[in-house]
Amino acid sequence: MDAAVSVREPGEWSHHNVSASGVAFHVATAGTGPHTVLLLHDFPLFWWSWRHQLPALAAAGYRAVALDLRGYGGSDFQPGEVDLTRLAMDVTGVLNALGAPSYTLVGAGMGGAVAWMMAHQHPQGLTSLVAVSSPHPRSLSPRGIHRATFTGKRGRYWRLPRRGPKQLQDGTLVSQLLSDWSHPDHREQMAQLAPSYSAPMKRHFAAESAWETLCATRKVHLDERRVLARPITVPVWTVRGQADPLVQARSVADDPRYVAARIRRHEVEGAGRYLTEEAPGELTQILLSHLDEVAPR
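The UniProt record's numbering applies: residue 1 is where the sequence shown begins, and numbers increase by one.
The set of hints was computed from the structure by calculation and includes no laboratory data.
Fair warning: there could be bad hints in the mix.
To be verified - Cross-link-like lysine-lysine pairs, in silico, DSS-like; alpha carbons within 30 Å at most:
hint : residue 1 : residue 2
1    : 219       : 166
2    : 202       : 166
3    : 202       : 219
Make the full structure from the sequences, and use the hints.
This is the structure in structure tokens:
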């Protein structure tokens with residue numbers, strides 16, 4: 001890829017700005033079905049990471065919506081501390097503005113933490129949850145690190161609060177993470193994507209806001225942990241790449257403790273952290289299989 005894609009890249013979708021929580025959020029939408037599938041991206045990505053799933057979900061009869069979280073892609077940025085509760089309220093506000101009486105949440109990594117929180121805090125209209133590369137937030141240690149993961153070289157990023165935004169803005173961190181966290185077979189492909197995922201971070205204050213959003217999903221407050229202890233009453237599927245260096249199999253072992261409904265696990269061979277890029281076809285099939293079981297017709 002010679003040039004970065006635009007945050008409003010044309011394709012089999014349309015772009016909109018949606019106001020919620022005093023912030024203008026960018027969404028890419030495809031399809032007009034009665035059931036909404038809301039897609040929340042991982043760090044340091046943005047809505048474009050769901051470009052393979054958007055048309056596939058629309059073709060299957062769903063309304064697919066890929067949202068840029070605060071500070072990412074085409075959404076507003078507001079430098080300053082936010083928390084997981086606020087991020088969940090952001091997404092709830094977007095859903096209300098869009099009009100989504102029934103919806104499925106699909107969250108990857110950072111977006112998965114927000115999706116878990118929403119399932120506990122704002123369950124009205126929620127039909128099901130798919131958590132991709134994202135263990136339940138209560139498996140986080142007080143330092144914001146998943147137990148049994150984030151050690152050694154790959155753990156150092158979470159100990160650099162001052163350097164993080166700068167390295168996001170200059171593209172260093174984006175390139176490094178896309179390489180370090182993907183399967184070795186996909187690293188050349190991920191390197192080609194780095195300019196596109198780095199470009200939105202160059203906006204003034206975007207990197208700082210994006211970093212605050214990330215930190216909010218890593219450090220769960222005591223009050224939030226109480227909310228997250230409530231059982232989820234809708235079906236949950238979890239998906240992880242077999243070579244994900246952050247989310248090992250034991251990282252998701254406690255997930256069933258927080259789900260009172262049916263929970264199913266999937267593992268994708270030959271893929272690391274970024275399943276939307278490394279295994280888009282297999283991830284799409286998992287999502288469609290899930291929706292066939294749970295989505296109202």
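Evaluation of the provided hints:
no., hint, in the structure
1, 219 with 166, "21 Å, holds"
2, 202 with 166, "10 Å, holds"
3, 202 with 219, "25 Å, holds"
When each numbered hint is compared with the structure, no violation occurs for any of them.
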